[in-house]
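Asks: Next come the chains, spelled out residue by residue.
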Amino acid sequence: MTGNNRHLVEVRNLSVEFHTQDGTVQAVRNVSWHIDRGETLAILGESGSGKSVSSSALMGLIDIPPGRITSGEVLYRGEDLLKASYERQRELNGSKIAMIFQDTLAALNPVYPVGWQVAETFRAHGVGHKEADSRALELLERVELPNARARFNDYPHQFSGGQRQRIMIAMAIALDPDLLIADEPTTALDVSVQARILRLLKDLQRERGMGLLMITHDLGIVEGLADRVAVMNGGEIVETGPVGQVFNAPEHAYTRNLLNAVPGRQGFPASAPSDERRDTLIAVRELSKGYPSSSRSPVVMALDRVSFTLARGETLGVVGESGSGKSTLARTLLGLEKASNGTASYKDRDMLQPTSSDRTVLQRQIQMVFQDPTASLNPRMTVEEIISEPWAIHREILPKKDWKGRVGDLLEQVGLSREHAQRYPHQFSGGQRQRIAIARALALQPEVIICDEAVSSLDVSVQAQIIALLKSLKDEHGLSYIFIAHDLPVVRSFADRVLVMRKGQIVEQGRTEDLFTNPQHPYTRELLQSDPVLGGPVAA
Amino acid sequence: MSTIVTPGSRPNRSAVHRYLLLLWHDKFATAAVMFLLLVFFAALFGPALFESASNRINLLARNAPPLSFQHGWTFILGADSLGRSILLRLIVGAQNTMLLAASAVVCSLLVGSFLGFIAGYRNDWTSAVIMRVADVVMSFPSLLLALIVLYVLTPGIANVILVLAITRIPIYLRTTRAEVLEVRERTFVTAARIMGASPRRLIWRHIRPTVTPTLITIATLEFAFVMLSESSLSFLGLGIQPPAFTWGAMVAQGQSYLSTAWWVAFWPGVAITLTAMSLNLFANWLRIVGDPVQRWRLESRKKTS
Numbered sequence: 001m002t003g004n005n006r007h008l009v010e011v012r013n014l015s016v017e018f019h020t021q022d023g024t025v026q027a028v029r030n031v032s033w034h035i036d037r038g039e040t041l042a043i044l045g046e047s048g049s050g051k052s053v054s055s056s057a058l059m060g061l062i063d064i065p066p067g068r069i070t071s072g073e074v075l076y077r078g079e080d081l082l083k084a085s086y087e088r089q090r091e092l093n094g095s096k097i098a099m100i101f102q103d104t105l106a107a108l109n110p111v112y113p114v115g116w117q118v119a120e121t122f123r124a125h126g127v128g129h130k131e132a133d134s135r136a137l138e139l140l141e142r143v144e145l146p147n148a149r150a151r152f153n154d155y156p157h158q159f160s161g162g163q164r165q166r167i168m169i170a171m172a173i174a175l176d177p178d179l180l181i182a183d184e185p186t187t188a189l190d191v192s193v194q195a196r197i198l199r200l201l202k203d204l205q206r207e208r209g210m211g212l213l214m215i216t217h218d219l220g221i222v223e224g225l226a227d228r229v230a231v232m233n234g235g236e237i238v239e240t241g242p243v244g245q246v247f248n249a250p251e252h253a254y255t256r257n258l259l260n261a262v263p264g265r266q267g268f269p270a271s272a273p274s275d276e277r278r279d280t281l282i283a284v285r286e287l288s289k290g291y292p293s294s295s296r297s298p299v300v301m302a303l304d305r306v307s308f309t310l311a312r313g314e315t316l317g318v319v320g321e322s323g324s325g326k327s328t329l330a331r332t333l334l335g336l337e338k339a340s341n342g343t344a345s346y347k348d349r350d351m352l353q354p355t356s357s358d359r360t361v362l363q364r365q366i367q368m369v370f371q372d373p374t375a376s377l378n379p380r381m382t383v384e385e386i387i388s389e390p391w392a393i394h395r396e397i398l399p400k401k402d403w404k405g406r407v408g409d410l411l412e413q414v415g416l417s418r419e420h421a422q423r424y425p426h427q428f429s430g431g432q433r434q435r436i437a438i439a440r441a442l443a444l445q446p447e448v449i450i451c452d453e454a455v456s457s458l459d460v461s462v463q464a465q466i467i468a469l470l471k472s473l474k475d476e477h478g479l480s481y482i483f484i485a486h487d488l489p490v491v492r493s494f495a496d497r498v499l500v501m502r503k504g505q506i507v508e509q510g511r512t513e514d515l516f517t518n519p520q521h522p523y524t525r526e527l528l529q530s531d532p533v534l535g536g537p538v539a540a
Numbered sequence: 001m002s003t004i005v006t007p008g009s010r011p012n013r014s015a016v017h018r019y020l021l022l023l024w025h026d027k028f029a030t031a032a033v034m035f036l037l038l039v040f041f042a043a044l045f046g047p048a049l050f051e052s053a054s055n056r057i058n059l060l061a062r063n064a065p066p067l068s069f070q071h072g073w074t075f076i077l078g079a080d081s082l083g084r085s086i087l088l089r090l091i092v093g094a095q096n097t098m099l100l101a102a103s104a105v106v107c108s109l110l111v112g113s114f115l116g117f118i119a120g121y122r123n124d125w126t127s128a129v130i131m132r133v134a135d136v137v138m139s140f141p142s143l144l145l146a147l148i149v150l151y152v153l154t155p156g157i158a159n160v161i162l163v164l165a166i167t168r169i170p171i172y173l174r175t176t177r178a179e180v181l182e183v184r185e186r187t188f189v190t191a192a193r194i195m196g197a198s199p200r201r202l203i204w205r206h207i208r209p210t211v212t213p214t215l216i217t218i219a220t221l222e223f224a225f226v227m228l229s230e231s232s233l234s235f236l237g238l239g240i241q242p243p244a245f246t247w248g249a250m251v252a253q254g255q256s257y258l259s260t261a262w263w264v265a266f267w268p269g270v271a272i273t274l275t276a277m278s279l280n281l282f283a284n285w286l287r288i289v290g291d292p293v294q295r296w297r298l299e300s301r302k303k304t305s
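As they're listed, the protein sequences go chains A and B. FYI, the numbering for the first sequence is 1 to 540, going by UniProt numbering. FYI, the numbering for the second sequence is 1 to 305, going by UniProt numbering.
Bear in mind the hints are in silico, worked out from the structure with no lab data behind them. C-beta atoms are modelled at their ideal positions from N, C-alpha and C, and glycine is treated no differently.
Computed footprint of chain B on chain A, listed as stretches where at least three residues anywhere in the stretch have a Cβ under 8 Å from a Cβ of chain B:
| # | segment |
| --- | --- |
| 1 | 356–363 |
| 2 | 369–378 |
| 3 | 386–398 |
Which residues of chain B face chain A? A partial, calculated answer using Cβ under 7 Å:
| # | residue |
| --- | --- |
| 4 | ALA191 |
| 5 | GLY196 |
| 6 | ALA197 |
| 7 | HIS206 |
| 8 | PRO209 |
| 9 | PRO292 |
Kindly produce the complete structure, drawing on both the sequences and the hints.
Replies: Listed below in structure tokens is the structure:
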């Protein structure tokens, strides 16, 4: 550590390839980066960019075969880990280099209490039982696990996602590692929880002086947390440097595109000026949905007296964290759940208990786009069968001989080509699949499309493309959207009006610009502050 | 994506040709299909051609050992205790065996999966009733049930089929119900429901294609089970009645000579095993071909070869 050129971890010219059915795939090419103690390096990239490969090589986690390291070295304090013995690698893993993952439920053993699992890290290194337990408790208290002493013997499933990530962090830092690798540690978490976990990571790093390697697709996290950033695309590092420099003056075209794609950085959408003149499509009043629970506790209200309207041509954003009832709202409006109270109408037709003729109208006029396009498209149907299914259900709309032509038209409208009709969903990328799902939603020429987290499983740049598509389709077809999301920047760049939901209630609603610049409810303010992209300007 | 061979990219080839090509790339499946064709033709034409020859008693050739041409080519697999050619009896017996096993399997498959779809899709009191009845059938040892039924009714091919079909219905029923319960909650089913698809369409277009591969695989395994169950019934004298016979009955008949003439029970046993295995390999191929996500396994082999 005395020499200037000796970094804590240094990766030099690493190239890794994988042998697959379709031939050899270059996962990363000539990747070089380094990290020192007390420093945070972020590797930023979209899915498939190879951002996790170099850290896997560092931990010795690349399966060989099918993987093959073709060139380069991975140095830990000057020692090449690619040449290190298996025993040496194991000695370093966990104690000197530790890692936390995205999926905490999978990473913790479901059959042991969490306290036992943290203490196991110590016991494995020869610490006595009593001592291990007390040090485990100390750690759990350090990572601010609420009520750590009482919950020491609880099992992983009894904790929330954020709490489990805290437990994972406790296990990772147990042996005082030099380097902590965090692979998308907060992707599955709500924004306010994410903000608290990131703050904890930052504090721990400062306290222990370890290096923090953050692997993420989220530019907001990079901006708020990292000192330096390496931007990866297609297996190569396209740009690297201090975060401020890279983000303010990006040199590579890919970085510029990525930064431009981030929602919420541009101005607000120009909302139509005269809201009063537009007619109301959907009116919801005092809608409630309670789930009967066990005899002891009271009824859980998934929706609690929700009232709002959707005007023609409007995009209504619904934001809230998981469990806030925003998906239940969509399911209730579509008749998948029975409401316990209240009314909902579409152009004066009852949506909650429609007559059979009304139901046909509703099924035609209100469509839905789901979060995960992989799950929402039947894998055994061709794209043509998927898109023409609405016509097969509502026979009167389009004669069968016209299906083929219309499918082609729809595919072109959503930015795919006619030849794609005979393929199956798995032959497309995530963004393309979502386009197919949107084409299916358009097939019946609806007036309203409900998007339930429709872009949240997609990469940032793809997200921007889908949002742009939704915007252009809206003008073309005179659509109205109910756009459900947990991602505030996306809603900010897309919605005309926003509802903020919490525990089944609407805590605030208003025009997007008003709500984001002048939030009234404390919960809205908290949400805005915890968002890594929006947080800055609000706090300032 | 452009590397994937899409159906229709070779318009000059017919569908039959394409499937034959896909079959050819799974060598095990090809062998299995060839064997099954052999069995099929034996079942179709065997009795017409060799009925009398297979019943001809030749006391000189009693328990003649296999792999010898001493008594002519028909005795290549040896002879049974009455000196009848085992090879010819296998060919002739194929008809009864296949008829019996196929009917029993198809009956229980159809009834079982139909009830399973109802139980899984409705998941209310009808489901409860269906499942409890299935439990009752399951809790009864199937052989005992068969004994009682066949004792009351007269033993004969139709009744044997009936008994074997009824005792195996719960297998399909329970599997189907479990799969349907899972598949109906998938997002693509919900998506179709929102569009207003009728229950019939949901089940037929979305749930059934997902569940079918599992059912086909179970059915091929059941095929062997049914053939062997029938042999136990024959052993107890309640199966198919002489002079009609099946492979199962041949196994049962050879049991008493196991120490002196093992081939009498061995060859019909081999026939049963090979048939069951071939069906299974064929079902496996069918599953891959029917699944668009898996089909590339066969197609990519086509490209490299």
